[in-house]
Amino acid sequence: MDPECSRLLPALCAVLADPRQPVADDTCLEKLLDWFTTVTEAGSSLLLLQENPCLVELLFHVLKSQDLSSRILSFSLRLAGIFAAQENCFQYLQQGELLPTLFGEAGPLGGAAWTAPTVRSGWVQGLRTLARHPSALRFLAARGAVDTIFSLQGDSSLFVASAAGQLLVHILDLAMRGTAEGRCGPQACDWPACAQKVVCHIEDSLCSTATPQVTQALNVLTTVFGHCHGLWTQGLWVRLSPLVARLLEKDPVPASHSLVDLLLSVARSSVLSSDHGLWETLAQTLSHLSPTQAGPLALGILELQDCPQALRTQAFGLLLQPLACVLEAAAQAPGPPGLLEGAAGDSMTVDTLLSSRSACVGLLCCALAHLGLLQPLPQRPSPWPQVPLLGAVVTVLRLCSGSAAPTSDVGGRLCAILVGCGRVQRAALDFLGALSQGTSPQELVTQVFSILLEYLMSPESSSMVLKKAFQATLRWLLRSPKSPGCCDLDPHTQLFLRELLPVLQKRLCSPCWEVRDSGLEFLTQMTRHWGGQAGFRQALLASEVPELTMQLLRDPESYVRASAVTATGQLSSWGLRATPASPERPGAEQESLLGELLRILSTDSEGFPRRAAMQVFTEWLRDGHADVAEDPERFVAGVLQAASRDLDWEVRAQGLELALVFLEQLLGQRGSRCPYAVGLPETAPPGMPAQALQVLCRVQLFEFAFRALFDCDRPVARKSCDLLLFLRAKAAPCGSPQEAGDSPTAASAEAMLQRWQAGEQGQPLGYLEPGAVVAVLRSVDLEGLRDTLAESSDHVEKSPQSLLQDMLAAVGVLGENEADCY
Amino acid sequence: MLDCGLDMTSTLNFLPLPLVQSPRLSNLPGWSLKDGNAFLDKELKECSGHVFVDSVPEFCLPETELIDLSTVDVILISNYHCMMALPYITEHTGFTGTVYATEPTVQIGRLLMEELVNFIERVPKAQSASLWKNKDIQRLLPSPLKDAVEVSTWRRCYTMQEVNSALSKIQLVGYSQKIELFGAVQVTPLSSGYALGSSNWIIQSHYEKVSYVSGSSLLTTHPQPMDQASLKNSDVLILTGLTQIPTANPDGMVGEFCSNLALTVRNGGNVLVPCYPSGVIYDLLECLYQYIDSAGLSSIPFYFISPVANSSLEFSQIFAEWLCHNKQTKVYLPEPPFPHAELIQTNKLKHYPSIHGDFSNDFRQPCVVFTGHPSLRFGDVVHFMELWGKSSLNTVIFTEPDFSYLEALAPYQPLAMKCIYCPIDTRLNFIQVSKLLKEVQPLHVVCPEQYTQPPPAQSHRMDLMIDCQPPAMSYRRAEVLALPFKRRYEKIEIMPELADSLVPMEIKPGVSLATVSAVLHTKDNKHVLQPPPRPAQPTGGKKRKRASDDIPDCKVLKPLLSGSIPVEQFVQTLEKHGFSDIKVEDTAKGHIVLLQEAETLIQIEEDSTHIICDNDEMLRVRLRDLVLKFLQKF
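The listed protein sequences derive, respectively, from chains H and G.
Mapped onto the numbering used here, the consecutive letters of the first sequence carry residue numbers 19 to 840.
Mapped onto the numbering used here, the consecutive letters of the second sequence carry residue numbers 108 to 741.
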């Protein structure tokens, strides 16, 4: 601990111990505890206490004082725990009877303060921190603390209850680590007393008829098997698994969620996964739980790397059941047996599906989500029933839209439940999108596109459902195989596009901005992938979509404007411009898109469209867009000028990105691709042609970069600093510093930069000669700036000394800092 | 009589009435029978395979055979669409009763009737077709004329004079106002949330409550929200006027409307919206007010053409108390509650009584025209259909659900203009009905048969029907239904002085009884117990006795008995009083005490005791007195 902190500590302890000076800010106490943790991790806690007796005095004072706030009491308990984590310090505090008093009946535990959840939480956390050594275990066992922890598992505060459960796991782990590994069998006599007590409590809880107690025990065990990997966990499982299995005999199975978590935690444990009994228990659990409860377990089992095939089959069958029921119910006539056949007809699943709207929706959504998660995994069941799944999800979507006409009673009831259900529609569309990855017969693909089109067209589709429908459509479109020997789209896709574009057109005119936005995003993605495909280009240009997109640049909603900027940028990159206005519509001449985007960059009141415009400009410059290639210098100068005045730091940062792309292009292959990596060895020749420097001066890139260097937003300043360092390295051979530095322009520029640094950025720098630029680059301490900018903005304020001063100042002990508060 | 709607779908069988001479319509070929007989060719014209009556459109009136409408005392009107047949009833049936409706219902109803009369009267048609109505001829006609029901009862439109006379019979009411009907029942209108001034009605006596729910909406549109709470505890809920398009969500349809409108106008086309002059049009204009800027349509003119356009737009702004909360608060700012005021101010919305006059000077294309009639058989819409029907750039968007849009378009075929069907019906759908019934919990629901089964075209859609417990009682046209409750009780008032004289006696904790001797006075279905008249004082006997002086005889009443007879104690008492050979038998309703020696039987039941003995009055009186000992008298 540095001397200044030591000097401030007594005053701080006095403040903390004084109930008349309450510490208003909880975060200060948390920071203080963090600091003490760092200090004790770096050195001896005992020494710390000996050198700073005020700390022990504080703890004693806390015990005596009756009217201290609960937060100081909680703080003190946690602080004591930090100190007592080292065994010698623990002994030291034990001698003074401080610890028994703090954590025993004589302390807050027996008093009125115990009613405050923060005190109970501090007590648990304090013990959790100090329980690091055998002495602590003995202390816990002797003082009856374990019993208190048991009772805190059911605490009304969830934080306290959860911390108590974790503390039990920690105690068990600590106790068992003391024993010789692997010697602990299931017999009680093998277990240390403290561990035995905890395990007996868990056993009692598992046998309890009260579900909350069973839940607590299962949660503790889940944490044990998830975090403790000693061989003793094997013995623990052997001992407790019969009790866990007995839970399955109850109807309904209590705490099913926690039970699933425990079984998955055990199955994932490297120590236990080879246990055959475990697989049997998992199989039993799958068959005992209701379909809704068993879903997460089935998914967890299928995610396991090593698992018996029979169990995997059972789990997969369970996940498929709801969809199998839907397929069966909606079938017009008994179809050929599909891969889901084994799963179909499960009466429990049918009962759940038909019991209520919420049960049906919940089960279907879970099944769809679980299968969607499983689909991309390498360990997913094989063969993957792509075709029946696709059929099922299409059926679900048809039931939801009301276009299915099932003949069976179950189908009719499912239809009545699902019609118009947005939740199921969203889940099904997500899963449909995921299924685009597999191979599917053309007939089914046609059905997929047909249902997607139905959703995209339907006035009943909500904006969220439409968004999902657009996403799924994109995934299916992009998976479309190219016609063999041809680089264009296959005829089916072509046909679909012809139907899709009028729908997209209508959606771009929707009164709901979310729909217009989703439509534009879809268009952007589609164009990004297919901008070069003749079929797509032809269909798009024949539609009014490009023109509508142009019009949406003036949408009242900023998100839509931003998406329209990106979309038009993308369309323009591929030369897909709006068709010229018809002669029947005078006054609607084709505007220059570049001009329109520059207008948005300069005048739009919202940040999103301006950011989007900058991204489009950067992309255009990078890709050599025709409008830009005409006169890149003019383009860059114009954009940088607009961006430099922008109030949004992301726009300014993007301006630097654009400047960098320009620089790369200017320097050609000779420049480094990564100017920010200034520390890399310079392999490329360092020179920059004077001509290039002149271009940079003409586009006023330096003015933009220097202004950004003193930007109030650190990311901009850092980016600019790196850019200028790169430029300085490149520009070095362009002229000697003396020569340039003597010129009057350089001197005035430096003076201007100093004023900018001081915050007076009103005046422009004006045109700088290349020589002057080099001189200024040399004169500015870019390395120093880079180091300063690399520090976090609160690096000065973050020091412990500052923390202590702040805390003292807040209560008025440090008079001289009082003014800081204002 | 609940509501008085007019079936206007009959007009779809007629040729449109063009405002401007239409060569196409006037040159349509006459229709002839299969055998070439052309005697109907003056009355019936053929257009694109459909046959239409070339005559002034006629309307199908409410059922008049089932009940003599002159005996109807009261008509309750739910909303302005449900009163369009009123002149037919009030002016031609001998009706002498009262019609109850809210003020906006009457005012806007008047506008709708005025528009209808105007549309038809301004295009006088010399020809009147009646030959085709002959039953023998009708069955030779092609569908749908062949299947049209009760064509003989179809009537021409009423006149403005009849409208005024009918409306004069309406008594205005406000929401939650209680109106006594002859002392028999009380009726109360409640907001139904569907249209300005639209109401549901509660018809209740002291012990029974019937709710009539018609044309209600739970959506947040311009009218005051629906009052659901007052519908609770109904014995019977009569449910009608649900959405006609249960599969179309109004929000989605408004979206479709806007998108299609924008697409058409952007392409340089015109949009025609056939509509009523009030109702959904207010919501559409409000929606467009928010939309036109975002869609870049600020420069596109919106025209609202109706003989009552001006009145409709102005009326909507003055019925503040009938509007939803948001619109009501605007009035206090003060601002016009509907944004169409601003559209008019900024010249984005212009309204005209007809296409003639100012409109022809201001008319600019592309534009959006709102005009009637939604049946496309009369009104200015006919002109625009003729004008724009040939270009595929134009679009007609149907928003009113009352008419099949395909049938409405039939006499305009072949048609190049685009047709979009966006029916916007904000009335309750089946999910909302299900929630409403769960909330309101009526004992019985009565509804039209159509609501109790899925629509024929979507027989698998079990969600498109009323699902309630107990199942709804359904009725069909001209069916007489007995409502499932009986009037068991009547409330009787007791005059204060009579109440003062009562001396209640507690016969068991919490239950007191008193005997009342009084005169029951009944007038106008009100029942009052008045103190009995004092015994007549002997007078000179010369005064002439008047009928009203007749007073009922007040006999001295025997005391009433209460209590129960404990059989064991009764037997003991009998024994004490010298009866022997007593036998007790249990019966289903009580006991029989048999005095074998005396050959007497005492039958004791919960609410009666009989002593049966053979002509031994002394014995009977003795036994009676023993029985009475166990009972209380008052």
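What the hints contain is simulated information worked out from the structure, not anything from laboratory work.
Hints may contain errors.
In the EDC-like style, the derived pairs of lysine to aspartate or glutamate whose C-alpha atoms are separated by at most 20 angstroms in a straight line are [claimed, not checked]:
#	chain 1	residue 1	chain 2	residue 2
1	G	Lys525	H	Glu221
2	H	Lys485	H	Glu532
3	G	Lys633	G	Glu210
4	H	Lys268	H	Glu221
5	G	Lys455	G	Asp509
6	G	Lys525	H	Glu562
7	G	Lys457	G	Glu514
8	H	Lys485	G	Asp400
9	G	Lys285	G	Asp342
These numbers were taken from a predicted model, which means no experiment stands behind them.
Return the numbers of the hints above that this structure violates; sort them in rising order. As far as the earlier hints go, 1, 3, 5, 7 and 8 are violated by this structure, in ascending order.
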